[in-house]
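Engineer: Chain by chain, the residues:
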Amino acid sequence: MTTTWRELGYLTPELVVLLGAAAVLLLDLFLPRGRRRVLGGVALVPLGVALGWVLRALWAQSGGPSQLHKVFGALLLRDPYSLGFDVVFLVAAILGVLLSLRYVEREALPAGEYYALTLFAVFGMMMMAMSAELITLFISYEILSLAVYVLAGIARGRAVSAEASLKYFLLGAFASGFLVYGIALVYGATGTTVLYDPLGQSASTISGLILERGLFGNALLLAGLALLVVGIAFKAAIVPFHAWVPDVYEGAPLPVTAFMSAGVKAAAFAAFARLLFGGFRNLGEVWQPVLWVLAVLTMVLGNAAAIRQQNVKRMLAYSSIAHAGYLLVALAAYTARDVAIGSVLYYALTYTAMGVGAFAILLVVGQEGEANQELSDYRGLASRHPWAAAAMGLFMISLAGFPLTAGFLGKFYILNAALRADLDGLAVVLGLASVVSWYYYLRVVWFMYMTEVPKAAVRPISRATSLGVAVAVAALLVIALGVFPSTALAVAQMAGHTLLPLGY
Amino acid sequence: MEIPLSWYLILAAILFAVGVYGALARRNAIAILMSIELMLNAVNINLVAFARYVTPRELTGQIFAIFIMMLAAAEAAVGLGLVLTVYRNLRHIQVDEINLLRS
Chain A
1 MTTTWRELGY
11 LTPELVVLLG
21 AAAVLLLDLF
31 LPRGRRRVLG
41 GVALVPLGVA
51 LGWVLRALWA
61 QSGGPSQLHK
71 VFGALLLRDP
81 YSLGFDVVFL
91 VAAILGVLLS
101 LRYVEREALP
111 AGEYYALTLF
121 AVFGMMMMAM
131 SAELITLFIS
141 YEILSLAVYV
151 LAGIARGRAV
161 SAEASLKYFL
171 LGAFASGFLV
181 YGIALVYGAT
191 GTTVLYDPLG
201 QSASTISGLI
211 LERGLFGNAL
221 LLAGLALLVV
231 GIAFKAAIVP
241 FHAWVPDVYE
251 GAPLPVTAFM
261 SAGVKAAAFA
271 AFARLLFGGF
281 RNLGEVWQPV
291 LWVLAVLTMV
301 LGNAAAIRQQ
311 NVKRMLAYSS
321 IAHAGYLLVA
331 LAAYTARDVA
341 IGSVLYYALT
351 YTAMGVGAFA
361 ILLVVGQEGE
371 ANQELSDYRG
381 LASRHPWAAA
391 AMGLFMISLA
401 GFPLTAGFLG
411 KFYILNAALR
421 ADLDGLAVVL
431 GLASVVSWYY
441 YLRVVWFMYM
451 TEVPKAAVRP
461 ISRATSLGVA
471 VAVAALLVIA
481 LGVFPSTALA
491 VAQMAGHTLL
501 PLGY
Chain B
1 MEIPLSWYLI
11 LAAILFAVGV
21 YGALARRNAI
31 AILMSIELML
41 NAVNINLVAF
51 ARYVTPRELT
61 GQIFAIFIMM
71 LAAAEAAVGL
81 GLVLTVYRNL
91 RHIQVDEINL
101 LRS
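Protein chains in written order, with this note's numbering: chain A, 1 to 504; chain B, 1 to 103.
Calculated from the structure, these hints are not laboratory results. Mixed in with the good hints there might be a few duds.
To be verified - So, partial list: chain B residues that the calculated Cβ filter (under 8 Å) puts toward chain A:
hint : residue
1    : 22
2    : 25
3    : 32
4    : 43
5    : 50
6    : 55
7    : 56
8    : 60
9    : 69
10   : 71
11   : 75
12   : 80
13   : 85
14   : 89
15   : 90
Claimed, not checked - These stretches of chain A come out as covered by chain B in the derived footprint (C-beta under 8 Å, 3 or more residues):
hint : region
16   : 158 to 165
17   : 180 to 187
18   : 241 to 251
What the hints assert, rightly or not - To be clear about the criterion: a stretch of chain B counts as covered by chain A if any three or more of its residues have a C-beta under 8 Å from a C-beta of chain A, and this derived list gives those stretches:
hint : region
19   : 34 to 41
20   : 61 to 68
Note that this is a predicted model, so its numbers are computed, not measured. Glycine included, every Cβ here is placed at the ideal spot set by N, Cα and C.
Put together the whole structure using the sequences plus the hints.
Structural biologist: This is the structure in structure tokens:
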């Protein structure tokens with residue numbers, strides 16, 4: 001019994017978020033309609049507590065030996081890797097809730113359901129980063145997915161929101177069918193669903209059995225792995241499984257898009273890295289070329305499509321596909337595993353800060369019913385609202401990867417991993433893709449600073465405090481991660497090492 | 001004579017393929033949902049067959065099949081809710097005619 005309680009203790013942040021979601025749902029029942037705005041504040045509490053717990057746990061391990069605990073057998077792993085990704089999810093969620101406070105009220109969305117679903121989605125993400133077993137991975141994937149499908153369509157009265165969520169749901173359920181078929185085949189080939197044992201105590205795991213029984217060319221196993229990759233690639237918005245992204249990102253309510261683009265993608269990559277580097281590390285020669293091709297396709301097509309967009313929300317949607325491509329480069333660098341995993345985590349955190357920050361500015365400039373999202377709405381923004389323009393400029397040059405911003409270092413570490421793994425071609429494509437992305441990111445800056453509008457056409461911007469706080473936090477993170485990266489980087493590297501602690 | 005494992009796998013593969021075809025070819029959102037359920041049930045056949053033939057002493061496969069049934073129910077609940085929302089907005093659920101986005 002005592003072990004069970006201790007194991008539950010390792011899940012503190014997850015449980016806090018889950019209880020928070022239940023509390024929000026219950027409070028929603030008892031609060032009168034006019035008072036429901038407090039629910040957003042209520043939702044921030046468990047997120048903040050969980051973030052504090054996670055940061056403390058990471059702090060306690062930095063410098064000393066990293067701790068790794070198996071929870072419930074080997075179903076979940078509480079290691080610096082999962083803690084590091086928890087930081088990403090919680091930061092994305094806190095920023096997402098801050099963006100929502102005003103929006104939910106203005107658009108008259110159901111507050112209780114909105115914040116409870118956000119918390120459920122965060123819970124699913126955190127479980128996904130922890131899971132080291134395929135059934136657990138699948139259930140967390142679905143907890144996350146179902147919550148996000150509904151969040152995308154929570155603006156029930158707007159046809160585009162309903163359309164976005166139905167499209168997302170149908171394609172997502174289709175993709176999860178592939179994922180689960182893949183899991184079944186892998187289970188059939190190996191007889192287990194446990195991915196790997198980081199402590200090396202048990203050999204009857206997928207990674208152990210591949211070596212022991214020499215399953216390198218096993219058709220069932222390879223087919224299963226391929227289907228698994230398809231299922232996760234869908235969630236991570238990787239070309240050619242990206243068809244849903246632009247429509248869903250455009251149709252979903254803006255704060256949901258911001259939260260999704262950062263959180264869901266980070267969760268998908270967290271599980272992806274654990275799957276490939278943990279469970280299937282001995283098949284690296286097989287999956288590396290596949291990831292190579294996917295990375296090139298994702299970077300090229302994501303950037304090519306982003307260039308053509310006139311709507312800023314849609315442009316950010318396509319550019320987030322390109323960023324998934326950069327993350328794939330890190331995953332493909334599996335011969336430099338220790339650096340590669342750390343760079344995935346670091347980039348996920350930087351993308352969260354700059355991506356959510358950019359969406360926050362969209363909310364500041366945007367008006368009721370999601371108006372004012374065309375590029376032309378940013379004309380002369382600098383002269384009217386210098387702070388908003390400066391923040392947007394910062395996020396844009398960070399997304400473009402200019403030095404002294406978080407985006408630059410994120411890309412730098414990914415390039416570093418790619419070069420160490422002798423993926424020179426992929427590194428070149430990444431560099432070229434970034435140069436192309438300068439065009440559409442800097443175009444926003446050009447519209448804000450170099451064009452003028454007549455006084456009559458000047459539109460007001462939203463001045464909600466919560467939005468200002470979110471923008472300030474995101475901007476500070478972008479600068480801090482760009483100028484003083486050492487702490488975050490040390491944590492990311494520790495996370496990378498503990499994913500494979502036995503010197504693989 | 002005992003039925004070999006491969007028969008179950010072939011049956012599941014055919015069912016899965018039918019589901020995939022239905023999900024891609026049908027235009028009605030509810031028909032697509034039904035096709036996806038078919039895919040999940042194909043996986044259940046696989047899992048139970050593997051549990052019987054590969055790991056006869058463990059319950060992993062059966063338990064997973066039960067999890068998938070539960071999940072299919074949750075998915076259907078959410079999916080039908082979303083279909084209803086779209087119907088209230090557009091008065092139809094033909095997915096190829098739902099194209100407010102994609103400007």
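Engineer: For which of the previously enumerated hints does the structure constitute a violation, in increasing order of number?
Structural biologist: 1, 2, 7, 9 and 12
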